[in-house]
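Make a model of the complete structure from these sequences and hints.
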Amino acid sequence: AQTVTQSQPEMSVQEAETVTLSCTYDTSESDYYLFWYKQPPSRQMILVIRQEAYKQQNATENRFSVNFQKAAKSFSLKISDSQLGDAAMYFCAFETSYDKVIFGPGTSLSVIP
Amino acid sequence: NAGVTQTPKFQVLKTGQSMTLQCAQDMNHNSMYWYRQDPGMGLRLIYYSASEGTTDKGEVPNGYNVSRLNKREFSLRLESAAPSQTSVYFCASSSRTGRETQYFGPGTRLLVL
Numbered sequence: 001a002q003t004v005t006q007s008q009p010e011m012s013v014q015e016a017e018t019v020t021l022s023c024t025y026d027t028s029e030s031d032y033y034l035f036w037y038k039q040p041p042s043r044q045m046i047l048v049i050r051q052e053a054y055k056q057q058n059a060t061e062n063r064f065s066v067n068f069q070k071a072a073k074s075f076s077l078k079i080s081d082s083q084l085g086d087a088a089m090y091f092c093a094f095e096t097s098y099d100k101v102i103f104g105p106g107t108s109l110s111v112i113p
Numbered sequence: 001n002a003g004v005t006q007t008p009k010f011q012v013l014k015t016g017q018s019m020t021l022q023c024a025q026d027m028n029h030n031s032m033y034w035y036r037q038d039p040g041m042g043l044r045l046i047y048y049s050a051s052e053g054t055t056d057k058g059e060v061p062n063g064y065n066v067s068r069l070n071k072r073e074f075s076l077r078l079e080s081a082a083p084s085q086t087s088v089y090f091c092a093s094s095s096r097t098g099r100e101t102q103y104f105g106p107g108t109r110l111l112v113l
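From first to last, the protein sequence lines are chains A and B.
Mapped onto my numbering, the consecutive letters of the first sequence carry residue numbers 1 to 113.
Mapped onto my numbering, the consecutive letters of the second sequence carry residue numbers 1 to 113.
Hints in this document: simulated from the structure, not taken from any laboratory.
Everything numeric in this text was worked out from a predicted model, so none of it was measured.
Treat each hint with caution, since some may be false.
[As the list claims (entries may be wrong)] Here are the computed distance ranges between Cβ atoms for each label pair:
1) A/Gln14 <-> B/Leu69: 23 to 33 angstroms
2) A/Ala72 <-> B/Val88: 25 to 35 angstroms
3) B/Thr5 <-> A/Ala72: 31 to 41 angstroms
4) A/Asn58 <-> B/Thr54: 34 to 44 angstroms
5) A/Asp81 <-> B/Thr101: 22 to 32 angstroms
6) A/Ala72 <-> B/Thr101: 36 to 46 angstroms
7) A/Thr18 <-> B/Ser18: 48 to 58 angstroms
8) A/Asn58 <-> B/Ser84: 38 to 48 angstroms
9) B/Gly16 <-> A/Lys78: 42 to 52 angstroms
10) A/Thr20 <-> B/Lys71: 17 to 27 angstroms
11) A/Thr5 <-> B/Thr101: 20 to 30 angstroms
[Unchecked claim] No farther apart than 25 angstroms at their CA atoms in a straight line, the calculated lysine-lysine pairs in the DSS-like style are these:
12) B/Lys14 <-> B/Lys71
13) B/Lys9 <-> B/Lys71
14) A/Lys73 <-> A/Lys100
15) A/Lys100 <-> A/Lys70
16) B/Lys14 <-> A/Lys100
17) B/Lys71 <-> A/Lys100
[What the hints assert, rightly or not] Here are some chain B residues pointing at chain A (derived, C-beta under 8 angstroms):
18) Met41
19) Gly42
20) Gly58
21) Pro61
22) Val88
23) Gln102
Even glycine gets a Cβ: it sits at the ideal position worked out from N, Cα and C.
Have a look at this one:
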């Protein structure tokens, strides 16, 4: 079975500091996509970053970057210079070749002023 | 552009009642999805539609039906609501299946008494 695990239900970070959210997944496929989505209190789901498994280079998007370790099936999200607006639930997601997206249970991030 | 819209935003049902959740997108996307979000479980796929005229079951389809009315609209129907269907429901769309970014609606909060 394909699964996505986020082992940190809650995390906190001081404003302007760096935080890393963990994600691991399980699949037998070799070609797939990985995503991090952000869900603020408004409940709107917002794409943060996307990684294609065939690309060895880690994706970056402004203050957000990933550490993609394909052999270890690990896909962590690093947020640099954390801002109050980064406080949200973060979901790691994995898209299979069968066009289904599997989401992890989420990590709730708090930013401390 | 409105993106993905969902109606209603909030609904209370009694056990056994039926209702239809509406979803529409104005991005000319081919693929549309219905998810439910429960605490601690992330998002789980109920049904998806890869293109107009096709629908497929996701992870948790029991108790639901869907209709892809046209390219823009994808509705989710609960024929006989149960308390276990109390959840937040999200509709999403993407330009095509196969690892494209999904765009989410604002969600519908459903309470079944």
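Exercise. Hint by hint, which ones does the structure fall short of?
Worked result: Structure breaks hints 1, 6, 10, 12, 16 and 21.
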